[in-house]
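For the record, the sequence lines run as chains A and B.
Going by my numbering, the first sequence opens with residue 1, and the numbers climb by one from there.
Going by my numbering, the second sequence opens with residue 1, and the numbers climb by one from there.
A hint or two may mislead.
As the list claims (entries may be wrong) - Listed next, the in silico DSSO-like pairs over lysine-lysine satisfying Cα-Cα at most 27 Å (straight line):
#	chain 1	residue 1	chain 2	residue 2
1	A	50	B	84
2	B	84	A	37
3	A	37	B	55
Claimed, not checked - Cβ-Cβ distance ranges computed for the label pairs, FRET-style:
#	chain 1	residue 1	chain 2	residue 2	range
4	B	27	A	44	38 to 46 Å
5	B	96	A	45	22 to 30 Å
6	A	47	B	52	39 to 47 Å
7	B	145	A	22	28 to 36 Å
8	B	22	A	41	38 to 46 Å
9	B	138	A	30	20 to 28 Å
10	B	22	A	44	39 to 47 Å
11	A	43	B	26	35 to 43 Å
12	A	45	B	132	18 to 26 Å
13	B	117	A	43	25 to 33 Å
14	B	13	A	35	18 to 26 Å
15	B	38	A	25	16 to 24 Å
Just so you know, the hints here were simulated from the structure itself, not pulled from any lab data.
Even for Gly, the Cβ is constructed at its ideal location relative to N, Cα and C.
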Amino acid sequence: MKKLNWKKLRKIKFVVVDDFPDVSNDPFFQKKHQEAKDFFERTGIPDFIKNTGKSKEQQ
Amino acid sequence: MNRKGYEFIRDRSQCKYSFFSKGPMGIIRKIVEFENVTGDLYNLAFGDWDESLQKMDSNNRSNNQDTYLVLATVVAAVLDFTEKFQNRYIHIKGITPSRTRLFRMVINANWYEITKKLELKGLVDEEWLPFERNKNYEAVMARYK
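Same shape as in the complex, but just chain A:
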C-alpha cells in the first residue's frame, strides 16, 4: 500500500453545498447504520466512549 501524500491531502477543498443527494433514508446506508446500532446495543457502549472527558466540539 502506497503512502498518502499528506501535504496534498491537506489541500483537498471542502465545499459546503445545499443540493446534496438525499441519503437520509437510503436503505443501503440505513442497513449499515442499523448493523452498527444493533452491535452496540448487544455489546454495550464501550466505557472509553461513555467517559470521554473531552468537550471541545467546534460547531
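With the hints as your guide, set chain B onto chain A.
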C-alpha cells in the same frame, strides 16, 4: 497522476461528504455519511450513489481503478469530520472483511501521520483494544487526538 485524493463537498449538517470517482467505468459519485449511533458515537457508511435510481448502489463495486484516490479521500473526510467534532468517536467497518482490511492497510501504510492526529482502537472478539500496527481487527474506532 494526482495522488492527493478527490476534492469533495459536504452538506449543511457536516455529516455527509460526497466526491466523484473518475476512471474507466466513468464518473461515479461516492458518498460518506457519519450517522449518530448514540451520544458521541458515530458510524461511518460509504458507498456509490446511483444517479439514475437516486439511491445508493448496494453492489458497491465500481472497479474504477482508483482505489487509492478513493481511500485517500475517505481518510480526508474522517480527518475533517473528527477535527470539527473532536469529542466524537467514529466506528468504521467495511461492507466486507476485505474492505475493513483495506482501510486497515491505509492506516498501516500511513501510521505516523494518522496516529499523530487520530486515537485508534481495534475490535477483536467484541473487545476494543488499542490499535496496533499490522494486526487484524474486525472494525476500527477513531477519534481526534
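Comparing the hints with the structure gives:
As the CA atoms of residue 50/A and residue 84/B are separated by approximately 20 Å, the hinted pair is consistent with the 27 Å bound. Proposed proximity of residue 84/B and residue 37/A is supported: the alpha carbons are some 23 Å apart, at most 27 Å. With a CA separation close to 22 Å, the supplied pair residue 37/A and residue 55/B stays within the 27 Å bound. Distance hint check for residue 27/B and residue 44/A: the Cβ-Cβ separation is about 43 Å, which falls inside the suggested range of 38 to 46 Å.
Taken as a hint, the range 22 to 30 Å holds for the pair residue 96/B and residue 45/A, whose Cβ atoms sit roughly 25 Å apart. Checked against the hint of 39 to 47 Å, the C-beta distance between residue 47/A and residue 52/B comes to roughly 46 Å, which is consistent with it. Between residue 145/B and residue 22/A, the C-beta spacing of about 34 Å keeps the proposed range 28 to 36 Å intact. For residue 22/B and residue 41/A, the hinted distance range of 38 to 46 Å is satisfied, since their beta carbons lie about 39 Å from each other.
The supplied range of 20 to 28 Å is met by residue 138/B and residue 30/A, whose beta-carbon atoms lie about 21 Å from each other. For residue 22/B paired with residue 44/A, a C-beta distance near 42 Å keeps the hint of 39 to 47 Å intact. Between residue 43/A and residue 26/B the Cβ separation comes to about 40 Å, which falls inside the hinted range of 35 to 43 Å. Separation of residue 45/A from residue 132/B is about 23 Å and conforms to the stated range, judged on CB atoms against 18 to 26 Å.
Between residue 117/B and residue 43/A, the C-beta spacing of about 27 Å keeps the proposed range 25 to 33 Å intact. Between residue 13/B and residue 35/A the beta carbons are some 21 Å apart, a value that agrees with the proposed interval 18 to 26 Å. For the hinted restraint 16 to 24 Å between residue 38/B and residue 25/A, the CB-CB distance of approximately 19 Å keeps it satisfied.
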